[in-house]
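Novice: According to the UniProt record's numbering, the sequence shown is numbered sequentially starting from 1.
Where hints are given, some of them may not hold.
[To be verified] Calculated cross-link-like contacts (lysine-lysine; reagent style DSS-like; alpha-carbon spacing at most 25 angstroms):
1) 38 <-> 15
2) 15 <-> 29
3) 29 <-> 41
4) 41 <-> 15
5) 24 <-> 38
Keep in mind the hints are simulated off the structure, nothing from the lab.
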Amino acid sequence: MLIITTNAGTDLVAKMCEGGTRPKMHDLKAALHEELLKTFKPAFLGRITVLPYFPLQTSVLERIARLKLDKVVSRVHQQHGAELTFSDRFDPRTGEYVSIGRHRSSEGRSGARTIHPAGIVGPSCCRETSKARPWKT
Numbered sequence: 001m002l003i004i005t006t007n008a009g010t011d012l013v014a015k016m017c018e019g020g021t022r023p024k025m026h027d028l029k030a031a032l033h034e035e036l037l038k039t040f041k042p043a044f045l046g047r048i049t050v051l052p053y054f055p056l057q058t059s060v061l062e063r064i065a066r067l068k069l070d071k072v073v074s075r076v077h078q079q080h081g082a083e084l085t086f087s088d089r090f091d092p093r094t095g096e097y098v099s100i101g102r103h104r105s106s107e108g109r110s111g112a113r114t115i116h117p118a119g120i121v122g123p124s125c126c127r128e129t130s131k132a133r134p135w136k137t
């Protein structure tokens, strides 16, 4: 078995799932087939089974972001003995987790793959903590 993933058809799936509705799988596959023909040759599509998936719900993205942020909190505590807290507010319109550092989920189009707070939270935490307490030289 070989599993192949693609972002081809992502916009179509997102459009069909707007407003929190989920289309019937048969309807989604039919619409997606036409969209995939714009990217892949018919002979290739005839040899594979297309298994579309629905976009992650905001609540799932929130939980994933919270789990990753909790790891940052734990790491900061273990390595530096400092307490770090984050807001529980998530803005579904922008896909941003509101905290010391803002987390972006790439407009929700990439699912959870882009939820990685280290590149944003790390520098933001450094700036905030350096403002809050002077470092010994």
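Novice: Between residue 15 and residue 29, is the straight-line Cα distance small enough, at 25 angstroms or below?
Specialist: holds, 14 angstroms
Novice: Between residue 29 and residue 41, is the straight-line Cα distance small enough, at 25 angstroms or below?
Specialist: With a Cα-Cα distance of about 16 angstroms, the restraint between residue 29 and residue 41 holds, given a limit of 25 angstroms.
Novice: Are the Cα positions of residue 38 and residue 15 separated by 25 angstroms at most?
Specialist: holds, 17 angstroms
Novice: Check whether the Cα positions of residue 41 and residue 15 lie no farther apart than 25 angstroms.
Specialist: holds, 24 angstroms
Novice: Would the pair residue 24 and residue 38 pass a check requiring their Cα atoms to be no farther apart than 25 angstroms?
Specialist: Roughly 22 angstroms between the alpha carbons, so the hint for residue 24 and residue 38 holds.
Hint violations for this structure: none, all hints satisfied.
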